[in-house]
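Student: Listed here are the chains, written in short residue letters.
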Amino acid sequence: MIPKSEIDEILSKYDKNNITIATICAHSAAQIFQGARKEGLKTIGLCTPDQKIIYDSFPLATPDEYIMVKEWTDVLSKENQRRLVEKSAIVIPHGSFVAYLDNENLQNNYRVPMLGNRQSLEWEGDRKKQREWLEKAGLKLPKEYKTQAEAGEKVFVKFPHAKGGSNYFTAESDKEIEDGLAELVRAGKISQEDADNRTLQQFVEGDRFYPHYFYSLTEDDRQVDYGLKEGRVELMGMDIRIEPIDESYRGLPNVSRKFFDYTVTGNEERIVREKLLADIFRMGISTVNKSKELFPPGMTGPFCIETVYHPETGFVAFEVSARIVAGTNLSTRGTPYEALTFEERTSSGRRISMEIKNAIEQNKLEKIAY
Amino acid sequence: MIPKSEIDEILSKYDKNNITIATICAHSAAQIFQGARKEGLKTIGLCTPDQKIIYDSFPLATPDEYIMVKEWTDVLSKENQRRLVEKSAIVIPHGSFVAYLDNENLQNNYRVPMLGNRQSLEWEGDRKKQREWLEKAGLKLPKEYKTQAEAGEKVFVKFPHAKGGSNYFTAESDKEIEDGLAELVRAGKISQEDADNRTLQQFVEGDRFYPHYFYSLTEDDRQVDYGLKEGRVELMGMDIRIEPIDESYRGLPNVSRKFFDYTVTGNEERIVREKLLADIFRMGISTVNKSKELFPPGMTGPFCIETVYHPETGFVAFEVSARIVAGTNLSTRGTPYEALTFEERTSSGRRISMEIKNAIEQNKLEKIAY
Amino acid sequence: MIPKSEIDEILSKYDKNNITIATICAHSAAQIFQGARKEGLKTIGLCTPDQKIIYDSFPLATPDEYIMVKEWTDVLSKENQRRLVEKSAIVIPHGSFVAYLDNENLQNNYRVPMLGNRQSLEWEGDRKKQREWLEKAGLKLPKEYKTQAEAGEKVFVKFPHAKGGSNYFTAESDKEIEDGLAELVRAGKISQEDADNRTLQQFVEGDRFYPHYFYSLTEDDRQVDYGLKEGRVELMGMDIRIEPIDESYRGLPNVSRKFFDYTVTGNEERIVREKLLADIFRMGISTVNKSKELFPPGMTGPFCIETVYHPETGFVAFEVSARIVAGTNLSTRGTPYEALTFEERTSSGRRISMEIKNAIEQNKLEKIAY
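Chains as they are written, first to last, in this note's numbering: chain A, 36 to 405; chain B, 36 to 405; chain C, 36 to 405.
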């Protein structure tokens with residue numbers, strides 16, 4: 036693990052009047068670039084040829100500079116790292132950034148300052164660590180089982196590497212699980228190792244609510260009464276992810292297998308009953324607080340807790356994303372929630388650049404980047 | 036029933052340059068506070084300790100003053116009423132306000148001026164009166180039955196006190212109804228009295244559309260050609276409510292009982308085919324007009340008609356909410372419909388404060404408060 | 036077909052400082068009027084008495100002038116054409132415009148300049164031509180079959196004239212198709228001719244994404260690297276259409292026939308995974324390019340490609356709408372996508388008026404109207 040001091044050393048030499056926002060051109064890069072532009076910051080897009088059309092086609096989301104790469108892992112090259120550091124770049128890690136570059140690389144070989152705490156990517160990326168984190172934060176999690184028989188109800192079969200939910204399936208017997216795994220391996224969709232390391236999770240009935248948070252260290256301590264140690268946990272928006280299963284009812288009465296697919300394809304906005312926001316804020320605060328204990332100085336910046344709510348069971352959290360989530364792509368024209376915090380419409384992408392500017396002004400850039 | 040003259044007397048002593056907007060901290064209070072602030076009005080939040088985190092966490096929705104209560108019914112205390120009147124407060128009734136404080140209390144013991152006409156809360160709160168109102172307004176309603184056998188099709192089993200749809204269920208036989216009721220009573224979820232007073236309603240197939248209206252008495256009579264007696268019926272937005280049943284398809288092929296739950300958990304935005312807006316406006320206008328006859332001077336301010344639309348049957352209205360609905364919480368960054376009426380984005384919460392300011396300016400506050 | 040030169044001749048006499056935007060009061064007229072007002076252009080609404088309530092009820096969407104007609108076909112009268120030309124009107128064709136007035140009339144008898152290329156309406160209106168267009172543009176289409184037996188899977192039964200999807204149905208056997216058609220004919224819902232000309236289309240599993248494009252000829256050639264011959268293909272927003280089938284799951288476990296209805300009743304906003312936007316832009320560009328070959332000078336202005344996406348099959352395009360679609364009615368307060376192109380919120384309606392103003396300024400009105 037690259038020590039924090041090494042990144043701080045790099046940051047200390049940055050030209051604070053010419054900070055650049057950099058990220059790879061995927062996932063939520065469009066709003067990150069557009070938000071930086073709104074805040075008057077320069078942008079660099081690390082881009083593959085097939086994705087460039089997206090960012091060239093959105094005039095307000097075209098980065099000031101492209102660094103073209105053939106494969107995503109080229110982002111890790113010494114030369115590309117050097118170019119970013121030379122431009123006083125802070126890299127914004129997002130879902131694809133983590134998925135394409137691999138945590139081990141980011142922890143050990145990537146010497147460009149990143150927004151937030153790079154340790155949090157490790158804690159979100161490892162299913163066991165993530166579970167430990169959320170459990171210790173006092174959140175309610177789906178139960179996990181060794182067999183379906185033990186569960187005695189429908190279970191969700193998940194794999195170590197999320198890849199946007201692809202190949203996940205539900206099953207109501209151990210035979211069904213076995214057959215499903217064998218078929219996936221045979222089709223080359225998962226490895227035998229993945230099959231062996233499948234997790235059986237309780238299938239939680241209820242409505243999905245994915246709150247988009249932003250943990251700021253440059254704002255007043257408004258929530259100190261609620262146990263937050265410093266800063267402010269903001270609610271930026273809320274969504275659900277759309278997967279083929281979400282159109283499965285259109286296949287009624289005989290729904291074909293192809294609809295039972297949990298790969299994320301898009302997002303829709305959703306808001307929650309106002310009284311439930313108390314739980315939403317409490318979950319956000321305790322998750323932030325616990326991160327400070329588990330991997331000091333803890334998580335900062337955008338994050339999301341993926342939940343299912345049912346009146347009988349309350350919120351069950353089945354995932355935490357310790358970085359910007361793609362659902363925030365809904366937020367470029369504002370959301371019902373960020374409007375309660377900001378006068379001007381503020382996407383999560385813009386919020387990131389605001390935080391960086393505030394941190395520079397308050398002379399605490401090293402608190403929000405690692 | 037507190038006579039109108041008594042409330043008018045209180046209003047007459049109000050400091051018109053320092054009107055305060057007050058409501059209990061729940062349901063749609065965040066947008067009400069944020070909207071008042073936008074319009075330059077002071078705010079008071081009547082709040083329980085467990086809900087305060089919500090309003091403290093939204094900087095633009097934090098009321099200027101909190102009045103803390105242990106239980107919601109403490110809102111009704113003489114002392115708390117006095118404090119509000121002292122601050123020239125107009126109370127905004129919303130769904131939780133009505134649910135927590137009980138109509139009888141509000142009608143007979145609550146001497147703080149409320150936006151709108153407090154009689155309308157009685158007409159919406161009593162299922163029979165509500166039905167009379169909508170039927171006389173010419174709206175198409177779901178049929179009601181004594182038994183499922185009479186219906187000959189699936190029926191919706193509903194209870195006298197809505198409580199956000201909790202415990203409602205559908206059934207296809209009288210046996211199923213009997214068993215369902217017995218189970219709910221046994222589980223302590225409903226009282227035997229509720230079970231005895233269950234309503235069997237036609238299960239209406241189609242798409243839900245919940246238009247959010249605002250009936251203004253301070254605007255031009257644009258709709259006099261369409262029968263509206265005075266003022267303007269505005270369309271502020273539209274939503275559907277999310278309930279566990281709305282994710283039930285994710286439990287296919289064997290959907291568990293827990294998904295058949297109609298408790299409201301959240302909301303999503305939805306718009307309707309443009310030509311159908313003619314019906315939407317006509318329903319709004321006739322519902323307003325009929326209210327003027329049934330409980331003069333009738334309903335004013337925000338309201339909602341909950342409908343299901345099917346191409347073969349048109350709109351069926353199964354409910355009217357004679358006050359702000361939680362679906363308008365979607366509107367703080369504007370909606371596709373209010374944009375056709377207002378230059379600046381106008382949530383229903385903000386619209387309320389605009390109306391109060393306009394009424395003061397036009398010297399007709401007593402027309403919009405009771 | 037009225038020759039282009041004849042329309043150009045009319046356009047050449049227009050008062051370029053007093054262009055008027057005209058359309059029939061239906062479908063997406065509200066945003067078209069509101070957008071024109073934002074851009075400072077005058078508006079004329081061709082309106083039937085029963086629809087006028089809609090446009091009178093939205094202050095910012097009330098046209099400056101109404102031309103009242105008893106039936107929609109009266110729009111085609113010489114007198115009404117003369118009145119529009121006299122006012123230097125450009126007509127905006129939308130879904131209802133095409134449905135009510137019939138393509139043959141528009142092609143041969145309607146001598147008012149229309150936004151875009153009136154030939155594109157013919158190419159979208161004829162199912163075979165549309166298929167040819169999209170196939171030649173390289174898009175993936177649903178397979179078509181002569182019988183269900185040939186398909187060997189569930190098929191979608193569609194009719195020559197779309198009418199918003201009404202009477203479409205799915206079937207899993209040829210017997211079911213036969214019975215379904217016979218019943219529709221018997222009920223007078225479709226003609227025997229429609230039944231004979233039914234199309235059997237592959238039922239495509241996946242998530243719907245309906246991107247709203249705008250093809251501008253007044254903007255920089257940003258996408259020339261991606262094969263676009265001139266101008267700019269913009270992404271304005273995205274939606275799904277709501278039909279009764281979309282609430283069918285609420286009828287579980289025994290979903291009644293009435294829910295299996297594909298008539299469009301409304302819309303909801305949806306966004307797609309960012310990486311998939313590359314395909315979205317490529318589909319838009321190739322569809323535009325191909326139109327230039329098939330019916331020069333090709334399609335301009337707003338259009339939509341209706342798609343279903345599944346991770347295993349990619350995007351399948353089942354329709355192109357070569358004019359503004361009703362899903363853009365979501366856009367009056369902006370969308371997550373147009374925010375990446377425009378500083379101020381820009382609905383498709385407003386975009387139309389911007390394009391017309393730009394074209395006048397650049398002296399190329401005849402390029403965007405026919």
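There could be a bad hint or two in this list.
Note: identical chains are not told apart, hence a pair may lie in one copy or across any two.
PhoX-like cross-link-like pairs, simulated, lysine-lysine; straight-line CA separation at most 25 Å [said to hold, decoys possible]:
#1 K189 x K293
#2 K402 x K327
#3 K224 x K181
#4 K293 x K392
#5 K73 x K198
#6 K224 x K171
#7 K178 x K51
#8 K77 x K310
#9 K224 x K175
Don't read these hints as lab results, they were simulated from the structure.
Student: For every hint, state whether the structure bears it out.
Tutor: Quick rundown of the hints versus the structure:
no.: 1; hint: K189 x K293; in the structure: both (19 Å within a copy, 13 Å between copies)
no.: 2; hint: K402 x K327; in the structure: within (12 Å within a copy, 55 Å between copies)
no.: 3; hint: K224 x K181; in the structure: within (22 Å within a copy, 34 Å between copies)
no.: 4; hint: K293 x K392; in the structure: neither (47 Å within a copy, 47 Å between copies)
no.: 5; hint: K73 x K198; in the structure: neither (31 Å within a copy, 43 Å between copies)
no.: 6; hint: K224 x K171; in the structure: neither (34 Å within a copy, 32 Å between copies)
no.: 7; hint: K178 x K51; in the structure: neither (47 Å within a copy, 58 Å between copies)
no.: 8; hint: K77 x K310; in the structure: between (40 Å within a copy, 23 Å between copies)
no.: 9; hint: K224 x K175; in the structure: between (31 Å within a copy, 24 Å between copies)
This entry does not satisfy hints 4, 5, 6 and 7, going by the numbered hints stated previously.
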